[in-house]
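Top line first, the protein sequences correspond to chains B and E.
The numbering used here puts the first residue of the first sequence at 1, with every later residue one more than the last.
The numbering used here puts the first residue of the second sequence at 329, with every later residue one more than the last.
Read the hints as simulated data drawn from the structure, not as lab findings.
C-beta atoms are modelled at their ideal positions from N, C-alpha and C, and glycine is treated no differently.
Some hints could be false.
[Unchecked claim] Interface residues of chain B toward chain E, partial, derived using beta-carbon atoms under 10 Å:
| id | residue |
| --- | --- |
| 1 | Phe-15 |
| 2 | Pro-117 |
| 3 | Lys-123 |
| 4 | Lys-139 |
[Said to hold, decoys possible] Heads up, simulated DSS-like pairs for lysine-lysine below, C-alpha to C-alpha not over 30 Å straight-line:
| id | chain 1 | residue 1 | chain 2 | residue 2 |
| --- | --- | --- | --- | --- |
| 5 | B | Lys-19 | E | Lys-352 |
| 6 | B | Lys-132 | E | Lys-359 |
| 7 | B | Lys-148 | E | Lys-441 |
| 8 | E | Lys-349 | B | Lys-84 |
| 9 | B | Lys-125 | E | Lys-349 |
| 10 | E | Lys-359 | B | Lys-83 |
| 11 | B | Lys-148 | E | Lys-462 |
| 12 | B | Lys-134 | E | Lys-375 |
| 13 | E | Lys-352 | B | Lys-148 |
| 14 | B | Lys-18 | E | Lys-375 |
| 15 | E | Lys-502 | B | Lys-148 |
| 16 | E | Lys-611 | B | Lys-19 |
| 17 | E | Lys-502 | B | Lys-83 |
| 18 | E | Lys-628 | B | Lys-125 |
| 19 | E | Lys-359 | B | Lys-148 |
| 20 | B | Lys-148 | E | Lys-611 |
| 21 | B | Lys-84 | E | Lys-628 |
| 22 | E | Lys-502 | E | Lys-441 |
| 23 | E | Lys-612 | B | Lys-123 |
| 24 | E | Lys-611 | B | Lys-18 |
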Amino acid sequence: MPETILTVKNVSKVFSSKKVHIRAVNNVSFEVKRGETIGIVGESGCGKTTLGRCIVRAIDATSGEILYLAEDGKVYDLQNIDKKTLRGIRKEVQMIFQDPFASLDPRMTVFDIISEPLRANFKLKRNELEEKVKSIASKVGLNPSYLKRYPHAFSGGQRQRIGIARALVLNPRLIVCDEAVSALDVSVQAQVINLLMDLQKEFKLTYIFISHDLSVVEHISDKVGVMYLGKMVEYAPTEELFRNPLHPYTEALLSAVLIADPTVKNTRIPLEGEIPNPANPPSGCFFHTRCRYCIEKCKTEDVSFVEKKPGHFVACHRADELNLRGIV
Amino acid sequence: MMRTKGKTNSSERVLRKEERKLQKRIKQQEKYFMSSQWQLMARRLVKHKLAVISFVILAILYTGVIFAGFIAPQGLEDYSATYSNAPPSKIHFIHNGKFVGPFVYRYDTEFDKFRNKIFVENKEEIYPIKFFVKGVPYKILGFIESDIHLFGVDNSNLPQGKDPVVLMLFGADKLGRDLFSRVLIGSQVSLTVPLVGTFISFVLAVIIGGLSGYYGGWVDTVIQRIIEVFLSFPTLPLWMALSAAIPPGISVTKVYIFITIIMSLLSWPNLARVVRSKFLALKKEDYVLAARLAGVSDFKIIIRHLVPGFMSYLIVNLTLGIPGMILGETSMSFLGLGMRPPATSWGVLLQECQSISNIANCPWKLIPVIFVGVAVLAFNFLGDGMRDAADPYK
Numbered sequence: 001m002p003e004t005i006l007t008v009k010n011v012s013k014v015f016s017s018k019k020v021h022i023r024a025v026n027n028v029s030f031e032v033k034r035g036e037t038i039g040i041v042g043e044s045g046c047g048k049t050t051l052g053r054c055i056v057r058a059i060d061a062t063s064g065e066i067l068y069l070a071e072d073g074k075v076y077d078l079q080n081i082d083k084k085t086l087r088g089i090r091k092e093v094q095m096i097f098q099d100p101f102a103s104l105d106p107r108m109t110v111f112d113i114i115s116e117p118l119r120a121n122f123k124l125k126r127n128e129l130e131e132k133v134k135s136i137a138s139k140v141g142l143n144p145s146y147l148k149r150y151p152h153a154f155s156g157g158q159r160q161r162i163g164i165a166r167a168l169v170l171n172p173r174l175i176v177c178d179e180a181v182s183a184l185d186v187s188v189q190a191q192v193i194n195l196l197m198d199l200q201k202e203f204k205l206t207y208i209f210i211s212h213d214l215s216v217v218e219h220i221s222d223k224v225g226v227m228y229l230g231k232m233v234e235y236a237p238t239e240e241l242f243r244n245p246l247h248p249y250t251e252a253l254l255s256a257v258l259i260a261d262p263t264v265k266n267t268r269i270p271l272e273g274e275i276p277n278p279a280n281p282p283s284g285c286f287f288h289t290r291c292r293y294c295i296e297k298c299k300t301e302d303v304s305f306v307e308k309k310p311g312h313f314v315a316c317h318r319a320d321e322l323n324l325r326g327i328v
Numbered sequence: 329m330m331r332t333k334g335k336t337n338s339s340e341r342v343l344r345k346e347e348r349k350l351q352k353r354i355k356q357q358e359k360y361f362m363s364s365q366w367q368l369m370a371r372r373l374v375k376h377k378l379a380v381i382s383f384v385i386l387a388i389l390y391t392g393v394i395f396a397g398f399i400a401p402q403g404l405e406d407y408s409a410t411y412s413n414a415p416p417s418k419i420h421f422i423h424n425g426k427f428v429g430p431f432v433y434r435y436d437t438e439f440d441k442f443r444n445k446i447f448v449e450n451k452e453e454i455y456p457i458k459f460f461v462k463g464v465p466y467k468i469l470g471f472i473e474s475d476i477h478l479f480g481v482d483n484s485n486l487p488q489g490k491d492p493v494v495l496m497l498f499g500a501d502k503l504g505r506d507l508f509s510r511v512l513i514g515s516q517v518s519l520t521v522p523l524v525g526t527f528i529s530f531v532l533a534v535i536i537g538g539l540s541g542y543y544g545g546w547v548d549t550v551i552q553r554i555i556e557v558f559l560s561f562p563t564l565p566l567w568m569a570l571s572a573a574i575p576p577g578i579s580v581t582k583v584y585i586f587i588t589i590i591m592s593l594l595s596w597p598n599l600a601r602v603v604r605s606k607f608l609a610l611k612k613e614d615y616v617l618a619a620r621l622a623g624v625s626d627f628k629i630i631i632r633h634l635v636p637g638f639m640s641y642l643i644v645n646l647t648l649g650i651p652g653m654i655l656g657e658t659s660m661s662f663l664g665l666g667m668r669p670p671a672t673s674w675g676v677l678l679q680e681c682q683s684i685s686n687i688a689n690c691p692w693k694l695i696p697v698i699f700v701g702v703a704v705l706a707f708n709f710l711g712d713g714m715r716d717a718a719d720p721y722k
């Protein structure tokens with residue numbers, strides 16, 4: 001049994017201005033084992049990116065703990081950590097960004113981009129630096145002769161490879177992929193995902209894979225967490241979640257996945273209405289306004305996130321009685 | 329048989345030509361891939377014809393600034409009572425039906441029937457125009473001393489007791505000083521005040537705008553309110569008020585410094601806003617976050633990612649701010665509030681045009697206006713071209 005590398009415990013992030021307080025992430029908890037890929041799905045605005053940014057400490061969570069098992073065997077709470085230790089941890093926790101055009105500084109050559117983390121953390125000689133950058137570039141499938149070029153010379157897929165190389169160059173253990181393939185077209189998506197999976201095997205990486213694309217998540221993840229309006233509503237091993245969803249929101253999401261088989265009838269469950277305003281969330285279960293199984297209890301009583309089956313967590317009052325449809 | 333062979337040869341040649349063309353294209357593309365932001369900007373700027381022409385004009389004007397002493401046939405203070413209000417010298421090539429190269433005649437003064445002084449060319453002797461003639465001593469850039477001028481009149485034919493003949497391309501002012509020389513020497517003030525002023529406001533803008541954008545919060549609020557106060561002043565009256573505060577009788581250098589500071593004091597607020605807004609925008613870019621996650625220090629992020637990110641925009645704004653300063657200095661000097669004689673600038677030269685009779689009798693005294701206009705337009709067009717080229721990634 002691999003050790004738990006990351007424990008997210010009751011993490012919340014509130015964005016406040018004078019009048020509005022938006023709970024972008026609301027009391028989210030889950031565990032990540034070493035070498036696993038955790039997929040986080042949900043519609044836009046559900047807080048998945050905010051959660052990812054809290055984990056890499058790009059922003060500070062408002063409350064909760066993010067416990068990380070570092071390479072030295074110690075567990076650090078990334079929320080309460082001094083600057084110096086954080087710098088050490090930063091090497092181990094990296095991020096791959098959504099937009100390959102915004103995430104590379106157009107004014108730097110590819111070599112400068114990939115070597116920047118190395119230069120910031122180690123004092124390397126020029127030839128050592130070059131060697132490392134070249135080896136990582138060829139690992140992600142970039143021709144080392146391209147290193148002198150600027151990002152404007154590359155297509156989206158190649159740029160994403162540069163972003164991956166930059167994240168990998170420090171030998172991280174945990175990588176948060178924030179919609180890492182969403183901006184790419186489908187064939188390139190497949191290449192990049194396969195690359196990520198190969199790299200995972202080679203370097204024993206742990207991924208937190210944030211996406212809105214369920215088929216991608218199904219392909220790459222070991223476990224999947226579904227988020228809605230800042231809350232985690234369901235968390236289970238991928239196959240279990242896709243076959244036997246316990247939350248009506250998951251069911252609706254799964255019904256929207258296209259199946260490449262013309263004989264399968266489209267039985268999409270449409271979600272009515274808009275996603276509620278996160279500044280003013282509904283009472284009871286946040287999903288009750290759009291849930292087709294909603295009863296009186298859902299509107300008034302808060303719902304807790306509990307383990308219904310081994311490893312399968314859900315936040316639904318009617319999880320036991322409903323028989324929801326997944327994808328076979 | 330022979331014919332088919334010839335054919336293959338020619339088709340081979342065509343093929344090879346195609347191949348060469350392809351290689352050339354690949355090379356060009358590779359060059360494009362490896363060009364930095366500034367190189368990309370230059371590529372786009374070169375395509376902007378008007379900007380290129382303006383750049384050439386400005387290059388010529390600034391060459392004139394540096395070598396003013398050498399190019400001007402006369403010095404700043406050379407005058408001749410005889411030539412007071414003299415019209416531009418006519419350059420002749422043919423004397424008594426014979427080609428003798430460029431030369432001028434001496435002006436004799438006469439009076440017409442209204443008792444107005446008029447200048448008549450004395451066609452007896454010729455005074456050839458020569459290159460590299462000796463004249464008044466001058467200094468280039470303040471340390472290269474010489475008395476050789478690019479061109480001037482050879483006065484060896486001069487009869488005894490006559491004033492030396494002076495080449496006056498743009499005519500003379502009321503003290504008989506060569507306007508062409510004075511325009512050149514005046515450009516040393518008129519064209520450098522904006523540059524120095526721009527530099528000062530650039531430094532102010534980067535520091536103040538940077539602080540505002542980087543710290544945000546109340547620092548930002550305070551700085552922005554101060555900027556708003558500055559921007560709400562009407563410029564010209566404020567310039568006049570500030571220049572009126574320059575104490576009289578101080579040295580030319582000090583007046584120059586005062587004017588420059590007044591200019592830059594009023595132009596930094598706009599620039600500071602540009603810096604701040606760019607700072608705010610770039611701070612949120614993914615690549616800045618990526619650098620932060622990689623453990624790059626804040627200072628290095630500012631130097632390596634933020635400053636290069638807004639530099640191109642800043643330079644565009646600086647260029648577009650220069651014309652305002654040229655006009656400001658000229659109008660202040662014109663009103664007698666800027667540079668003061670004996671120092672000169674284009675505005676000082678135009679002071680003589682304040683009376684209508686002067687313009688009517690000596691229209692050449694308006695020539696400095698052309699220079700002001702050309703310089704202002706050139707900076708505007710160049711800035712325009714630079715603005716189009718400023719973001720090569722769009």
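Hints, verified against the model:
Checking B/Phe-15 against chain E by beta carbon gives a least distance of about 14 Å; that is not within 10 Å, so the hint is violated. Given hint, B/Pro-117 at the interface with chain E, holds; its Cβ is 4 Å from that chain's nearest Cβ, closer than 10 Å. Hint status for B/Lys-123: violated, given a least beta-carbon distance of 13 Å to chain E, over 10 Å. Of the supplied interface hints, the one on B/Lys-139 is violated, with its beta-carbon coming no nearer than about 18 Å to a beta-carbon of chain E, more than 10 Å.
With a C-alpha separation of about 62 Å, the suggested pairing of B/Lys-19 with E/Lys-352 is violated against the 30 Å cut-off. For the hint linking B/Lys-132 to E/Lys-359, the alpha-carbon distance of about 25 Å falls within 30 Å, and the restraint holds. A distance of roughly 80 Å separates the Cα atoms of B/Lys-148 and E/Lys-441; the hinted pair therefore is violated under the 30 Å criterion. Of the supplied pair hints, the one linking E/Lys-349 and B/Lys-84 is violated, its CA atoms being roughly 56 Å apart against a limit of 30 Å.
Note on B/Lys-125 and E/Lys-349: the hinted pairing is violated, with a Cα-Cα distance of about 41 Å set against a maximum of 30 Å. Between E/Lys-359 and B/Lys-83 the CA atoms are separated by roughly 42 Å; this puts the pair beyond 30 Å, and the hint is violated. Of the pairs offered as hints, the one joining B/Lys-148 and E/Lys-462 is violated, with about 55 Å between alpha carbons and a cut-off of 30 Å exceeded. The hinted pair formed by B/Lys-134 and E/Lys-375 fails the criterion: a straight-line CA distance of about 36 Å is larger than 30 Å.
Taking the CA atoms of E/Lys-352 and B/Lys-148, the gap is near 19 Å; set against the 30 Å cutoff, the hint holds. Between the alpha carbons of B/Lys-18 and E/Lys-375 the distance comes to roughly 50 Å, so the proposed pair goes past 30 Å and is violated. Of the pairs offered as hints, the one joining E/Lys-502 and B/Lys-148 is violated, with about 64 Å between alpha carbons and a cut-off of 30 Å exceeded. As the CA atoms of E/Lys-611 and B/Lys-19 are separated by approximately 25 Å, the hinted pair is consistent with the 30 Å bound.
The hinted pair formed by E/Lys-502 and B/Lys-83 fails the criterion: a straight-line CA distance of about 74 Å is larger than 30 Å. With a C-alpha separation of about 19 Å, the suggested pairing of E/Lys-628 with B/Lys-125 holds against the 30 Å cut-off. Using a Cα cut-off of 30 Å, the hinted pair E/Lys-359 and B/Lys-148 holds, with the two alpha carbons roughly 10 Å apart. A threshold of 30 Å between alpha carbons decides the hint, and for B/Lys-148 with E/Lys-611 the separation of about 26 Å falls inside it, so the pair holds.
The suggested pairing of B/Lys-84 with E/Lys-628 holds, with an alpha-carbon distance near 17 Å, which does not exceed 30 Å. This hinted pair checks out: E/Lys-502 and E/Lys-441 have alpha carbons roughly 21 Å apart, not beyond 30 Å. A threshold of 30 Å between alpha carbons decides the hint, and for E/Lys-612 with B/Lys-123 the separation of about 28 Å falls inside it, so the pair holds. At roughly 23 Å between alpha-carbon atoms, E/Lys-611 and B/Lys-18 fall within 30 Å of each other, so this suggested pair holds.
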